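Same order as they appear, the protein sequences are chains A and B. 239 is the number that numbering that gives the first Met the number 0 gives the last residue of the first sequence; the numbers go up by one with no jumps. 233 is the number that numbering that gives the first Met the number 0 gives the last residue of the second sequence; the numbers go up by one with no jumps.
No lab work stands behind these hints: they were computed from the structure. Just so we're clear, the structure is a prediction, and the values are computed from it rather than from any experiment. Any given hint could be a false lead.
Dumping the calculated EDC-like pairs for lysine to aspartate or glutamate here, alpha-carbon to alpha-carbon at most 20 Å [unchecked claim]:
#1 A:Lys-208 / A:Asp-12
#2 A:Lys-151 / A:Asp-192
#3 B:Lys-226 / A:Glu-109
#4 A:Lys-197 / A:Glu-236
#5 B:Lys-140 / A:Glu-127
#6 A:Lys-21 / A:Glu-72
#7 A:Lys-222 / A:Glu-236
#8 B:Lys-140 / A:Glu-236
#9 A:Lys-101 / B:Glu-23
#10 A:Lys-128 / B:Asp-131
#11 A:Lys-18 / B:Asp-131
#12 A:Lys-101 / B:Asp-20
#13 A:Lys-116 / A:Glu-127
#14 A:Lys-170 / A:Asp-201
#15 A:Lys-223 / A:Glu-239
#16 A:Lys-208 / A:Glu-171
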Amino acid sequence: MSHPSNIFPLKIDGVHVRKRGKVLLSDISLALGGDLTTVVMGPNGSGKTTLMRLMHGLERPRQGSLQWAIPNEQARSQQSFVFQTPIMMRRRVSENLRYPLKLIAMPKQEAETLVEKWLSLTGLSGKEKLPAQFLSGGERQKLAIARAMITKPQVLFLDEPTTNLDGQSTKEIEALLATVKADGTCVVVSTHDLGQAKRLADQVIFLNKGHMCEMTAASQFFKKPLSRPAQQYLDGEIVE
Amino acid sequence: MNDIWQGIVEALRLVFSFDADLFEIVLRSLHVTVTAVVIASAIALPLGAWLAVSRFRMRRFTIATLNALMGLPPVVVGLMVYILFSRSGPFGVFGLLFTPTAMIIAQVIIITPLIASITHQAIRDLWAEYHDLLISLNTTKRQRIATLIWDSRRSLLTASLAGFGRAIGEVGAIMIVGGNIDHVTRVLTTAIALETGKGDFALALGLGFILIALAFFVNMTIHILSKTEREGRW
C-alpha cells in the first residue's frame, strides 16, 4: 500500500474572504507545518470558523492564494473536519463510522477492525447499534471525531469542539485529541476557551475582526502576546 | 344511506363469494399501479435528489415546472398517450393502445412529477443538514445522491406511497388509453365508472369500498414492513 504524500506545509498568501458583501477574512498570510498543534483564537465573529473552513477548502478565497504541498483537491482527502455542531448521519453509530471507509472502498474486514478500534477509543462500545442522534452532546462530538479520524487523515480541523459541553465531556475529548496527536495527525482547533487553548496549543493564531493579529508560539502568546487585541483578550477585556 | 349500506353488503358478497371477475380486476389494478409506481420511483427518486444537490441555470424554473406538473390533468395525459400510441401516432407501430402497458405508461407520466417533487423537498432538507459533511468527506455527486436517498428512504417511501395513492384511484387517463375492455384492461376504477354509468350503484359502491380497502392494505403493509414510526428509527 502506497503512503500518501505529505500535504504540509500549507501556505496562505494575502487571502480575503467575503460573503454576501461582508468581509469575513482580510489579508491573511501564514504558513502551517504539520508538526505542531495550532489553536485558532479570537472573539466571536473574528473569523475563526471561516479560517478553518478556508484551510479545509469549504470556503474559497476571493483574493490571494492557498496552497498545500500537493494539489489542493488531493490534499482534501488527507484532511478531516469536525464541525461545531456535530453532523450526525441518520444512521446507527457504527454505520456513521463505517461511512467514510465505504467511500474509500476499504475491505470489509479491515473496516470492521477500525470501527471496533474507534468505538473502543471513544467509549462508544455497546452503543454501536443506537441511532447516532440518540447520543448525548459529548458522545456525538466523540463520534464525529472518530468518524473524522477513522481514515487516518494527516490533519484534523476541529471547530470549537467542546462548546456547550460539560467538564467531563471536554476532558474526554481532549484526551481523544491527545491520542490523535500521538498517532501523528496534525490538529488545528479553534476555541475561545483560554484554558483549553493553554492545554492544547503549541502555537496560536489570533484573529480579530477578520484580521490575523499574530501567529505565535503558545509559550510566548500566553506570556506576552505580540498584539494589543490579543493582550486585551487574555486580560479579559473587551477587544477593540 | 341505504345505497351505502347496500354497497357495503355488495362488497362483502363479492369478496366472500370469491368472485373470479373481481379478483381478476383487483390483480390487474395492482399490477398496473405497482408497476407504474416502481418505474416512476426509479425515475423520480434520483431525479428529485439530483435536483436538490445540483446548481444549474434554470434550476428554479425546472423545480417550479416539476411542481406544476404535479397537477397534470389525467384526462389530458390520457389523451396525449392515446394520440402517441394510436395507429397513426409516432408509437402506433408498437400496438400498445388498449393494453395494460399503455395504462402503465399513462400512470408513470402522471405520478413521476409527484414523486420527484416530494423527493426533491425531502432531499433538499437533508442536503442542507449534510452539506458540509459530505463536501468535507470529498464525496462525488453520485455518492452524495446515493447517501441522501438512503438516509431519507422513509420520507421517500411516503413519496412513492403518494404516487401509489394517486395511481390506484386514477380513472380518466386509463379509461382513455385502456378502453375498459373486460378481461383485458378493466381495473377497479374503470369498473366503478362503468357500473355507475349503468346505474348499478350498489355494485359501484361495493367496488369502491374494495378499492379503498386495497389502498389501505397496501399502505399498511408497506408501513409495517419498513418499520416506520418505531422507536429508534427514522
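Which of the numbered hints are not met once you compare them with the structure shown? Hints 2, 3, 5, 6, 8, 9, 10, 12, 16 not satisfied by this model.
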